[in-house]
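Participant: Whenever a hint applies, use it, and build me the whole structure from the sequences.
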Amino acid sequence: MIGDKLIQVRDLKKYYNRGAIKALDGVTVDIDRGDVMVVIGPSGSGKSTFLRSLNLLEMPTGGSIIFDGVDITKPKTKNAEGKLVKVDIDQHRQKMGMVFQHFNLFPHMTIMDNMTLAPIQVKHMNRAEAEKKAQGLLERVGLGDRAGAYPIQLSGGQKQRIAIVRALMMEPEVMLFDEPTSALDPEMVGEVLEVMKELAQEGMTMVVVTHEMGFAREVGSRVLFMADGKLLEQGSPADIFGNPQNPRLQDFLSKVL
Amino acid sequence: MGTFIQWKNFEALVPYATMFKEGLIVTVLMALLTVLLGFVLGLVLSVMRMSNFRPFLWLAHAFPGVFGFFERDKSGLLRDSGFLFHLGRFNPLSFLATAYVEIIRSTPVLVQVMVIYFGVFSQLFDLPNFKIFGFIAFDRFFPGVMALAMNSGAYLCEIIRSGLQSIDGGQTEAARSLGLSQLQNLRFIILPQAIKNILPAIANEFVTIIKESAVTYTIGVQDIMAMVQAIKSATYLIMEPLLVATGLYFCLCFPLSKLIAYIERRMSRGDRR
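In order, the protein sequences belong to chains A and B. Going by my numbering, the letters in the first sequence line up with residues 808 to 1064, in that order. Going by my numbering, the letters in the second sequence line up with residues 112 to 384, in that order.
Bear in mind the hints are in silico, worked out from the structure with no lab data behind them. Check the hints yourself; a few may be wrong.
What the hints assert, rightly or not - As a list, the in silico BS3-like pairs of lysine-lysine whose alpha-carbon atoms are at most 30 Å apart:
| # | chain 1 | residue 1 | chain 2 | residue 2 |
| --- | --- | --- | --- | --- |
| 1 | A | K890 | B | K322 |
| 2 | B | K185 | A | K820 |
| 3 | A | K885 | B | K185 |
| 4 | B | K185 | A | K1037 |
| 5 | A | K893 | B | K185 |
| 6 | A | K881 | B | K185 |
| 7 | B | K307 | B | K132 |
Facilitator: Here's what the structure looks like:
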């Protein structure tokens, strides 16, 4: 048994131009169930590449990502009977919700359709059931009256809250957040972080790339510091912010805090 | 200058009005059929160009132990350059479609029409010699339509492809991260958004073909331009029938392109992104 290790990342590499550029240079980390892992670091440090590799939006150059016991970076895996079968990445992605910096709502669909499309098409949920679930989630994030609206009619903060519940519709085992508040006006950052905080308190496993140090300190269960594609330091928020060891981290914190 | 463009010369054209009418019908019919066939060809070509048919990578995924080297180097790292990388990414369908599109786009339509008519339909196939509606010679009309459709298919392929590629990559990422397959992404996310860009461009291609179809008079298609030639031989007038033809083409294309521009404005009003 894997215990409560949900994702095991081993020596993850992402190279460009025959290794001239190393966006990820051997990252090894375990993500446990219930972890709220916050990834911080200067821009260009590989944080986003790391996150996007987890559901193979970027195909890593080397290393492995073992999700639910399956190495999703390999074309084939052994199933329960020990037979080699094809790794179906679509299936694994259903279990990894992703929230993007620029929301990426579908502009030609209503909020309701944005939320119900994947459950209906991928999970074959019936429409009535999906809409009931969506309505419930919308009310939870305070947008119960916007089901019929189009994304264009919403503010940035509202869009991002929708994007979060859209991902939740698939009942993922882990939620990946790629700088979810970086494209928001300052007054809207709070409402999105609030939703994320609630999610964390409910026990959702989360990996969050962010520049919101307050969030990392308050909500994170573990903090990773990355620079130059390497994982330089990891630990509890108290250790990372209160007692940083690596000089790069000390330098980084002195600039952002 | 005495005999240049005189009113009485236009009056001399009146008996030939039927010929212009028939030429007009041929031109419009030819353009319609061309866009229809061209669209089907363009669709097939663009699907080929954007397909993910990579035999060598398929081998690498199916038999990682034997053919894995197409994807990964000796130390197991994913290739991102070099001969084997490009061989792995080689897509024969896309290669064929791209070659076709580039050849068509780099040669004159007049040459293409002649190659199709004299090269293919005169030598390889015998077309039945009958007349549609009593005045359209099938053995000329059909090669003309085929040549124009083959030409416009290449352009329509590019129109469809660029329409699909104009959609923000974040849309695909969002769709795929929700677990939608590549096909579901195309059907539910990309196509509905791209169609707004594609449809007006296809309509514009129709206007272009109306004008380009004039070259088919060289293989004996009885379109507007062929009628000008016929009337010239009968009356020794050239400017007057040419002016009539100019008027006909203009009356076809100008209102059409204005209509398309109007519809385009109406459609783009919806998406303020």
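Participant: Failing hints, ascending?
Facilitator: Numbers 1 and 7, in rising order.
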